[in-house]
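Q: Okay, here's what each chain looks like letter by letter:
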Amino acid sequence: MSLQDELKAQIVKRLPELDVVIGWGQGYDSLHRTPLFITSEADVDKLVFDPLCVHNLSTYLTRYGSAKRIGVVVKGCDSRSVVELLQEKLIHRDKVMVFGLPCEGVADLGKVKRALAAKDLDMGRVRAASFADGDLVVTVSGQEIRLPMAEVQADKCGRCRYHNAVIHDEFAGQPITEAAPDTYADVAAFEEQTLEERMEFWREQMERCVRCYACRNACPLCVCRDYCIGQSREPNWVSQRDGLEEKFFFQMIHATHLAGRCTECGECERACPVDIPLLLLKRKLGKEILELFDYRAGTDPDAKPPLLNFKVQEDTINERGW
Amino acid sequence: MDKELRIVGFLCNWCSYGGADTAGVGRFVQPTDLRIIRMPCSGRIDPLFVLKTLIGGADGVLVSGCHPRDCHYAEGNYYARRRLEVLKRFLPIIGIDPGRFEYTWVSASEGQRWQHVVTSFTNQIHALGPVQRIGRQSLAKACSLGTVLEPLA
Ligand code: SF4
Ligand code: SF4
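Protein sequence lines, in the order shown, are assigned to chains A and B.
Going by our numbering, the first sequence opens with residue 1, and the numbers climb by one from there.
Going by our numbering, the second sequence opens with residue 1, and the numbers climb by one from there.
Just so you know, the hints here were simulated from the structure itself, not pulled from any lab data.
None of the values given here were measured: they were computed from a predicted structure.
Careful, some of the hints might be misleading.
[To be verified] SDA-like cross-link-like pairs, simulated, lysine to any residue; straight-line CA separation at most 25 Å: (1) A:113 with A:87; (2) B:52 with A:246; (3) A:304 with B:69.
Chain A on its own, in the form it takes in the complex:
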């Protein structure tokens, strides 16, 4: 049985206990998948799982009241968000059923677009997409093009330590045994630039921000909804001006509010319509928190997030050093 069929069978078996199961379905063209909300057995046939299932579906978990029982399909990275939500008691374990998957990596459609553009082809004209021997095979403008997954996969997948769902009630397929060490080489490389160059980088990137807040809305751990201080008048942290300072400060809010909580799932960056590398800010915090507290968010349901905790004598903070 293929992984996808195994998953479908598990969902059919468990559906009677659940109000809805959230998975992925076919999107508006062959390269896009879209969240699928399964409420009946007939819906299960629409379920898809392949490296185009990029969305972290756990972001929907906090949008249902506690009266509903929700099933959610998760890849390794997505499952960490479920764990983090449990750690923070934002969802209840008995209200959530996790369908865990092993995942070898998802595609980055930005990279696909650029790879096709380099061959003078337009991603919008792709008529068919499939996977064979580690390649993404697309039919575009009458040609068949093979793009090696290694070249078009999301950066986060190349450094993934958690290919298998870290929490699950059902697990389809065979667990993947290898795991990459994440050395935060990207952060280190960025920080080889001078401080002036770094700020200039953000200036150029943030100039494009349209303040759509897609980054926040996609984030599974941004749960304040209408109370987000990035949009409230009282307190008025961010004004209605569309200057760089406002745009950048919104990112400071997102980053600091995710410190010690962010699982580096990369949804903020993926959702951004103007490709601002937002994950870099969050990875920097992740790196420092790992160094300070030896902590990775969303890996242990019983762990207390480090910024909600303290030690009277900290091991790694030289408090009087200044």
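With the hints as your guide, set chain B with the ligands onto chain A.
A: Frame of chain A; chain B with the ligands shown alone:
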């Protein structure tokens, strides 16, 4: 010393604000670049206060609270210590020198220590000079584009 810079201090009401007062009553000479904002506790200090201040153009930010074990609310400064340490380590990625932000502990009786903290922090900020701002330069850039275009009009 050269022209005054803008340094903002967030001080807890119970210890450091008292310490600064002690230094003043004792007439200890201090640099005058620092503007103090009194907070109920160092645990009240949201790292966003510091980021807003720095991004908004302050050249330095100093946070000072009660020594660990002396917090008026018992635990506020323990939480603050973790948050502020993470914040300090975050600053380099956005192009702000981590030396522009320091946090420390000064008790109400430590007038002399307060004088030392203010003096060394002010010197540190003067060594770094004025802060670079994310918004300002783009304004300058837009203006310079304007002057380039002028002859064409
Ligand atoms: S901030 Fe970005 S990377 Fe972190 S949990 Fe939210 S969406 Fe994922
Ligand atoms: S998703 Fe991108 S454009 Fe939209 S608010 Fe976030 S950073 Fe700005």
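Q: Straight-line Cα separation of residue 304 of chain A and residue 69 of chain B no greater than 25 Å?
A: 22 Å, holds
Q: Just to be careful, I want the Cα atoms of residue 113 of chain A and residue 87 of chain A compared with a cutoff of 25 Å; is the pair within it?
A: 37 Å, violated
Q: Between residue 52 of chain B and residue 246 of chain A, is the straight-line Cα distance small enough, at 25 Å or below?
A: 10 Å, holds
Comparing the model with each earlier hint shows a violation of hint 1 alone; every other hint is respected.
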